[in-house]
Amino acid sequence: MQVLPGDEEFLFLAPSEESGAVQICKHNVAENKRELLFSLEEAVAPPALSARGDLLAVAAADTEGSRLLLYVLPDGKKLELALDRRPATLLFWDETAEGVYFLASENGKTGLYYACLKRYVPSLAEDKQRLQENGDEQGETSKADTDGAAKEDQENHGESGGDCELFDLVILNGTVIDPETGTVKFNYNVGIKGEQVEVITRETIHGAEEIDATGLLVTPGFIDILSYSPNDVGNRFKVADGVTTNLAMHGATIDFPGWFKYYARRTMILNYGGAVLQVGFRHKLGIGNYRAPTPRQIEEMKKMTEQAILDGAIGIAFSPEYYPGMSTEEIKAIMEVGKKYDLTSFFHVRYATIYGPGGNNFDAINEVINYARELDASVQIAHINSTGGTFSMAESLKIIEEARREGVDITVDLYPYNSWATYSNSARFDPGWQERFQISYEDLQVGNSTERLTKESFEKYRKKRVLLIAYAIPDEDVDLALQADFAMIGSDTIIEPHMNNHPRGAGCFARTIGLYARERRVIPLMKALKMMTILPARRLDNVAPALQKKGRLREGMDADITIFDYADIIDTATAEKTGSYSRGIHYVIVNGVVVKDPHGFRSGVSPGKPIRSYFTKRDAPR
Numbered sequence: 002m003q004v005l006p007g008d009e010e011f012l013f014l015a016p017s018e019e020s021g022a023v024q025i026c027k028h029n030v031a032e033n034k035r036e037l038l039f040s041l042e043e044a045v046a047p048p049a050l051s052a053r054g055d056l057l058a059v060a061a062a063d064t065e066g067s068r069l070l071l072y073v074l075p076d077g078k079k080l081e082l083a084l085d086r087r088p089a090t091l092l093f094w095d096e097t098a099e100g101v102y103f104l105a106s107e108n109g110k111t112g113l114y115y116a117c118l119k120r121y122v123p124s125l126a127e128d129k130q131r132l133q134e135n136g137d138e139q140g141e142t143s144k145a146d147t148d149g150a151a152k153e154d155q156e157n158h159g160e161s162g163g164d165c166e167l168f169d170l171v172i173l174n175g176t177v178i179d180p181e182t183g184t185v186k187f188n189y190n191v192g193i194k195g196e197q198v199e200v201i202t203r204e205t206i207h208g209a210e211e212i213d214a215t216g217l218l219v220t221p222g223f224i225d226i227l228s229y230s231p232n233d234v235g236n237r238f239k240v241a242d243g244v245t246t247n248l249a250m251h252g253a254t255i256d257f258p259g260w261f262k263y264y265a266r267r268t269m270i271l272n273y274g275g276a277v278l279q280v281g282f283r284h285k286l287g288i289g290n291y292r293a294p295t296p297r298q299i300e301e302m303k304k305m306t307e308q309a310i311l312d313g314a315i316g317i318a319f320s321p322e323y324y325p326g327m328s329t330e331e332i333k334a335i336m337e338v339g340k341k342y343d344l345t346s347f348f349h350v351r352y353a354t355i356y357g358p359g360g361n362n363f364d365a366i367n368e369v370i371n372y373a374r375e376l377d378a379s380v381q382i383a384h385i386n387s388t389g390g391t392f393s394m395a396e397s398l399k400i401i402e403e404a405r406r407e408g409v410d411i412t413v414d415l416y417p418y419n420s421w422a423t424y425s426n427s428a429r430f431d432p433g434w435q436e437r438f439q440i441s442y443e444d445l446q447v448g449n450s451t452e453r454l455t456k457e458s459f460e461k462y463r464k465k466r467v468l469l470i471a472y473a474i475p476d477e478d479v480d481l482a483l484q485a486d487f488a489m490i491g492s493d494t495i496i497e498p499h500m501n502n503h504p505r506g507a508g509c510f511a512r513t514i515g516l517y518a519r520e521r522r523v524i525p526l527m528k529a530l531k532m533m534t535i536l537p538a539r540r541l542d543n544v545a546p547a548l549q550k551k552g553r554l555r556e557g558m559d560a561d562i563t564i565f566d567y568a569d570i571i572d573t574a575t576a577e578k579t580g581s582y583s584r585g586i587h588y589v590i591v592n593g594v595v596v597k598d599p600h601g602f603r604s605g606v607s608p609g610k611p612i613r614s615y616f617t618k619r620d621a622p623r
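Numbering of the sequence shown is given in this note's numbering, commencing with residue 2 and proceeding in unit increments.
These are computed hints drawn from the structure, not numbers from a lab.
Each residue gets a CB set at the ideal place from its N, CA and C atoms; glycine is no exception.
Misleading hints may appear alongside valid ones.
Simulated restraints, written as ranges between beta carbons of each label pair [as the list claims (entries may be wrong)]: (1) GLU457 with GLY433: 16 to 22 Å; (2) ARG266 with SER450: 29 to 35 Å; (3) ARG203 with GLU577: 42 to 48 Å; (4) THR575 with LEU38: 52 to 58 Å; (5) PRO432 with ASP480: 30 to 36 Å; (6) THR455 with SER604: 42 to 48 Å.
Dumping the calculated DSS-like pairs for lysine-lysine here, alpha-carbon to alpha-carbon at most 30 Å [stated by the list, open to error]: (7) LYS550 with LYS194; (8) LYS34 with LYS304; (9) LYS79 with LYS34.
Turn these sequences into a full structure, and let the hints guide you.
Below you can see the structure in the form of structure tokens.
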């Protein structure tokens, strides 16, 4: 049903009992009168009424092909335009009433297409003869029409007001999405100058390089909020997964001047930054994994933490599960330093399940909440699907939600997989791991191989440093965590040259969209995009000024952009082959420079920039 202007009349569909044809009827509320306007034998999509109420578009199909029928209201004049593909279920006008959008399937893939009617619409109510005089012209769809319109615009680009400005890079005819505002702009053009988005418009623009994004989604570049230090191999897998900013918030280093200097000498195709690797202090002071630090050692840690923050760290990373000796005094002392500079602390929490001896998920989550509450500090629980939420996700999220309602600043991240991974010699595999994680040897697999473990091989690997993948996460835990309003996407790894990794290092982001938004519909596309763009940017942009212009796609923002095919995007990396590029991501742009296109990675480009913190000390917490 569609209401006509004035709110006294509405249109509706009604099947004919005799012929089975679809009837388009008008009902006048004031007069309680029904009128048959048109009858269609083969309507394939609901009719769409223009905003001003004078044009009705109906998609129809028969043995002769697909057609778009335009009716002028109220006189009933009709115009038929041939379509080059059969519309499916969606049909609606753009805001200018110059064309309609529709969904259509081709070769098993569904895409959004645009039928431009600009050359016909002005004549509908006046002179139907114009179409007959141009009978060889058809209302084309998608690329065929927009290419024609682009050619026509190129010939006349000076007519709409002054000289045509030439941009460094333009993206044409894309579906532009800004997760921060929740807006979707169909068939828009993006003009980029230097490192920034200069304009987003329906008007004709041109650039030194032009990308045709017809049928593709144009979004902010993805931000991986829980990764590790970049490397030349892993950077490519990140970019192929749509990532433009890699943040080592699970811990980057304790020597940030050296860290930034090292990467400044390399070819960085994405942006990078990271958190203080708190366990690095333990190694430097010789404390080890299982021993608590002395008060003097804690004082040394505090000094090193403050220096790391002033040198550019944008967070603090704690891993008490891997370092059982990490004390409450140690954590609070370092968090107090971070609080002085408004840094968020990222926690790989102390316990990973609800089973086994000792503490459980609830103890671990409450420990972190208590730190945040007592210090009035912000915290984030890392990969909650594998630590803090496994086997108890509904209850774990409820604890966090209650704390948030109380005012505690706590968020979470996760990767969309039902397996986790860690090194064979870590404390996670200390005695009792089978009970804690409800698995056995055969549920462990050597990353990037087909090898499943036995008791004998586990004991062999326990003496080495080999990454093992554990199939120990219930699928429903992943679904629940994804649906949380305060959750973000973080891969928790980066592919290394040896490839002994988890597939999430190559496919985390494409999998979130392709599997969990498109195929399984666990979350809407817009939510998926928010989890990997604006939410991580907002989490850290109070301390990292560079992030204030990332994660958004608006005029004046950084040109970090990912362009992908929603019908095709998906991960291809597996446990057996962790080094496999994601599919469906056509272009990745970092700071205005194309680093990946449909042909692959571009050589000789290194637009990636460091994401640093810049501070002035404050005596009192804010």
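Against the structure, the hints:
no. : hint                           : verdict
1   : GLU457 with GLY433: 16 to 22 Å : holds (19 Å)
2   : ARG266 with SER450: 29 to 35 Å : holds (33 Å)
3   : ARG203 with GLU577: 42 to 48 Å : holds (46 Å)
4   : THR575 with LEU38: 52 to 58 Å  : holds (55 Å)
5   : PRO432 with ASP480: 30 to 36 Å : holds (32 Å)
6   : THR455 with SER604: 42 to 48 Å : holds (45 Å)
7   : LYS550 with LYS194             : holds (15 Å)
8   : LYS34 with LYS304              : violated (81 Å)
9   : LYS79 with LYS34               : holds (23 Å)
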